Amino acid sequence: MNRKLKKYLKFLYSMKFGIGLLIVIALLSLLGTLIPQGNDPLFYEQNYSKTISEIILTFDLDDLYFSPAYLFLTGLLLINLFFCSINRFRPIFTKSFKDPSLEKFIDQKEIFVRIRKSDDFSSKIKKIGFSKLKNKKLGSKEVYYAFDGKIGHLGSWLTHLSIIIIILAFTYGKFKGFDEFVYGLPGEVLSLENEDYDIRIDNYKVLFRKDYTVDQYISDLTILDKGGRELLSGKSMVNQPLRFDKFNVYQNSTGWALDAYLFKDDKSYKEKVLYNSEVFVEDDQKIALQLVDFYPDFTMEEPSKPTTKSPFLNHPVALYALFYDGVRVDMGLNHLGDPIEYENYTFVLKDPKMFTLLQVASDPARGLALLGGLILLIGLFLAFYINPKTLILVKEDTYDLLYIGQGKNDKAFTIKKDKILEELEVD
Amino acid sequence: MDLFKVESGLFYLALAGYFIAMILYILLFVNKKESLNKRAKNVLLVSFALHTLALITRGVNAGRIPLSNQYEFATAFAWGIGLCFLIFEKKFNFALMGTFVSPILFLVIGYAAMTDKSIRPIMPALDSKWLAIHVSLAIISYGSFAVAAGISAMYLASDRIFKKNFENLSLADKETLDMISYKASAFGFLLLCLVMITGAIWAEAAWGRYWAFDPKETWSLITWIIYAIYLHLRKSKGLQGRKAAIFSIIGFASVIFTYIGVNTLLPSLHSYI
Numbered sequence: 000m001n002r003k004l005k006k007y008l009k010f011l012y013s014m015k016f017g018i019g020l021l022i023v024i025a026l027l028s029l030l031g032t033l034i035p036q037g038n039d040p041l042f043y044e045q046n047y048s049k050t051i052s053e054i055i056l057t058f059d060l061d062d063l064y065f066s067p068a069y070l071f072l073t074g075l076l077l078i079n080l081f082f083c084s085i086n087r088f089r090p091i092f093t094k095s096f097k098d099p100s101l102e103k104f105i106d107q108k109e110i111f112v113r114i115r116k117s118d119d120f121s122s123k124i125k126k127i128g129f130s131k132l133k134n135k136k137l138g139s140k141e142v143y144y145a146f147d148g149k150i151g152h153l154g155s156w157l158t159h160l161s162i163i164i165i166i167l168a169f170t171y172g173k174f175k176g177f178d179e180f181v182y183g184l185p186g187e188v189l190s191l192e193n194e195d196y197d198i199r200i201d202n203y204k205v206l207f208r209k210d211y212t213v214d215q216y217i218s219d220l221t222i223l224d225k226g227g228r229e230l231l232s233g234k235s236m237v238n239q240p241l242r243f244d245k246f247n248v249y250q251n252s253t254g255w256a257l258d259a260y261l262f263k264d265d266k267s268y269k270e271k272v273l274y275n276s277e278v279f280v281e282d283d284q285k286i287a288l289q290l291v292d293f294y295p296d297f298t299m300e301e302p303s304k305p306t307t308k309s310p311f312l313n314h315p316v317a318l319y320a321l322f323y324d325g326v327r328v329d330m331g332l333n334h335l336g337d338p339i340e341y342e343n344y345t346f347v348l349k350d351p352k353m354f355t356l357l358q359v360a361s362d363p364a365r366g367l368a369l370l371g372g373l374i375l376l377i378g379l380f381l382a383f384y385i386n387p388k389t390l391i392l393v394k395e396d397t398y399d400l401l402y403i404g405q406g407k408n409d410k411a412f413t414i415k416k417d418k419i420l421e422e423l424e425v426d
Numbered sequence: 000m001d002l003f004k005v006e007s008g009l010f011y012l013a014l015a016g017y018f019i020a021m022i023l024y025i026l027l028f029v030n031k032k033e034s035l036n037k038r039a040k041n042v043l044l045v046s047f048a049l050h051t052l053a054l055i056t057r058g059v060n061a062g063r064i065p066l067s068n069q070y071e072f073a074t075a076f077a078w079g080i081g082l083c084f085l086i087f088e089k090k091f092n093f094a095l096m097g098t099f100v101s102p103i104l105f106l107v108i109g110y111a112a113m114t115d116k117s118i119r120p121i122m123p124a125l126d127s128k129w130l131a132i133h134v135s136l137a138i139i140s141y142g143s144f145a146v147a148a149g150i151s152a153m154y155l156a157s158d159r160i161f162k163k164n165f166e167n168l169s170l171a172d173k174e175t176l177d178m179i180s181y182k183a184s185a186f187g188f189l190l191l192c193l194v195m196i197t198g199a200i201w202a203e204a205a206w207g208r209y210w211a212f213d214p215k216e217t218w219s220l221i222t223w224i225i226y227a228i229y230l231h232l233r234k235s236k237g238l239q240g241r242k243a244a245i246f247s248i249i250g251f252a253s254v255i256f257t258y259i260g261v262n263t264l265l266p267s268l269h270s271y272i
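Protein chains in written order, with numbering that gives the first Met the number 0: chain A, 0 to 426; chain B, 0 to 272.
Keep in mind that the hints were calculated from the coordinates and are not lab data. Any given hint might turn out to be false.
Pairs of lysine to any residue, SDA-like flavour, derived with a Cα cap of 20 Å [said to hold, decoys possible]:
#1 Lys308/A x Pro351/A
#2 Lys234/B x Cys83/A
#3 Lys407/A x Lys236/B
#4 Lys234/B x Lys173/A
#5 Lys94/A x Lys236/B
#6 Lys245/A x Thr175/B
#7 Lys410/A x Thr175/B
#8 Lys407/A x Trp210/B
#9 Lys236/B x Asn408/A
#10 Lys173/A x Arg208/B
#11 Lys234/B x Ile22/A
#12 Lys173/B x Asp417/A
#13 Lys415/A x Ile22/A
#14 Lys90/B x Ile414/A
#15 Lys236/B x Ile18/A
#16 Lys209/A x Met122/B
#17 Lys234/A x Trp206/B
#18 Lys407/A x Lys173/B
#19 Lys149/A x Ser130/A
#20 Lys173/B x Ser157/B
#21 Lys9/A x Ser235/B
#22 Lys245/A x Trp206/B
#23 Lys234/B x Tyr384/A
#24 Lys352/A x Phe207/A
#25 Lys415/A x Phe91/B
#26 Lys410/A x Ser157/B
#27 Lys242/B x Ile22/A
#28 Lys173/A x Trp210/B
#29 Lys242/B x Asn408/A
#30 Lys416/A x Lys90/B
It should be emphasised that the depicted structure is a prediction, and the values quoted were computed from it without experimental measurement.
Same shape as in the complex, but just chain B:
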């Protein structure tokens, strides 16, 4: 069996599924029908399962954890957003979260689809257990930030949303949206610290220094500072609401630049990821 073709098939099915789920979530926003919410959720769940299978197939085919190049990280990043979305959706269970998070998920997996999918042997520096831990944590951390940004966007648009008539839909109030966004940001931030620590341990073993102001490292620091300021102000000065939502969106923009912008625009030791 050609595992590469199997993985490719599963990946594109998942991609198509995420696209359909996104459309259904957008239709839910427009048509306000509860049935669309259930359908969108089911399609997204099936797509996530297919996506998981695609990642497992790639791991089996490559004989390693598939987190070692642009494509692998992008698809895993999208998977992380899917996972965090499903967790937060299950925990807080309200409609329309998907309308704001699924486009982010689709954009990231769309980016993955545009990158080179070939399986190449990894360079010795990437053959490390710390890499697997470092990147796995990054996926979940970035996924949480994506959910926080989606919910923050929902918060900012909430005045418009709540003016509309959403019969039978369980909508979260603004305070709850603010709380979920904060919880997702805090969780993502804690993991981001772990990402930076495990990355530093890996860098020390591979390159003899744990921090070298490489552009990727520096952008992680910038992202860290943005979230640190937001969470600090929230804890000590009670920052919440609109300003908190804006912080969360700026933070996620920095996450995206750390991942895509640094790889494509700036020279970095991390250019393979």
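Same shape as in the complex, but just chain A:
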């Protein structure tokens, strides 16, 4: 391979490059928290100067975390970590699971110190974590040794691996998973866009506390196949989704829906369930009624600000907007049952009930991401708290030779080790 290419490849999996990428990713992430994400282009045009909004929209800074630049950098980080892990795989695994050559240590005479023979040697070395020594005869010499905590070498490698797994799991989940919202009233069967299943809402209730704050939203649901066969029944509540093997159903939100009736020339013309914020458009878009808001227990205690005293249907009032030929012609409060009239049209709103808004999501790599998280924790624990230590004691006639080493420059260990050597070392 060309030397220059080799150099570039080496740089690609170097620590320097990895850290540089992390810094750039951190800075870009920071930028993403300063620019509101995921809004319409109009939002940026209205809230920023022309130049800045153009920069935001040109460089996809409005969807920064999924912009080509961010994905490219994450991809490079993935490559960096992957090749770094491959490169370090053999030496790290050898270090982690195989004792190093004892002979090589013995040959380095300068690393040993002469110590006097001591009866409490075992208790002394126990203080620095060596509880059991192995024994081997090397030539005429009796050697006692321990290579403890070798697994600690694996820590950083596992940490790298875990980040690779987490990034891949997140990416795979984004591509292979889905996320959609459906809403409806009890008794309705809702079709899903992304899966060949339906969800029937069997019941829906909202539990209130004494102060009328919401304690829980509960949807009783049944998942059906396209033939109408019941596959799973259960509850979906906030923090407790209904888990089906193909997707999960999350209790997301709620609102009010009314039965809306339209009369034309005093004759029944159309009727529909009108959900909060929804528009009832009819007669070739000539007439439309929007349910702007709904107050189950209406009050005007604060002038000019309609509100509700409780979540219960004691005094139901709807705030509506009426459109004729695309122009808003009326807006006001409607006591349910009272007619809303314009020209030859009449709307009547009745029978309010709460609907449930469900989020249906699937992320096939959720478990993999969790596994990545667990590996990360194990890796960090090994990296921070398992210190590979070596002790070699060579028995000699008058004195013994001792070497104590460590793999992670742990100062507490060094202090303890120095203390032991101070006590045993021959002047």
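Keeping the supplied structure of chain A fixed, place chain B upon it in accordance with the hints.
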């Protein structure tokens, strides 16, 4: 008995105690008298006990673990700094650590004192065991980072400190300060990973996704990257001393922004915490 008043009384007593402890630690720095060290430590210990009682009282009064709004997290965060400080102080036992950590503790509890203390029912999304685990871990993690930052500040100021004459005071050498700061950062980082993992599990159950680049999540990631770079460089390139201390302080600044800055300056799903 009005538990809210009891909690409030205990909280303000603890706040006053932390303030006195901070002043004593500063006087210790100025006057170099061993007796001040003992007094400061005792006052801080009593304040911590009062603070613990205040948190327990709030938990009893609210009927839940009190970790669900700005005030509750701020006061628990200060408690976490107090706990980590006492643990590290007991383990390494040297004077002046409090001079650098107690101001951080006082600032955080001071922030708590300025927030709304009323007990409100929690929204269903916050009624989760994962929330309790997630936030409890965050308190200890952030507390460790605070101790690491305080000790790092002490490290940076150590040339000045050691030039002064501190008779009878057990002062740590620079190497030990560096080691304690590293140990606190490493412990905090391990817990930060757990915070992010438990937060992801909670987010998945509540919102149907475990990571959504919400500003709080993103700032946690930024904090994570800062500490990851620091600890990686330390492990593989032996980074220590002044540069390590600066990293630790920058990391803690990011922690503070993740907690206070995101809540006050950026829109986030986590704005209640």
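task: Determine which of the earlier numbered hints do not hold for this structure and return their numbers in increasing order.
output: 4, 6, 8, 13
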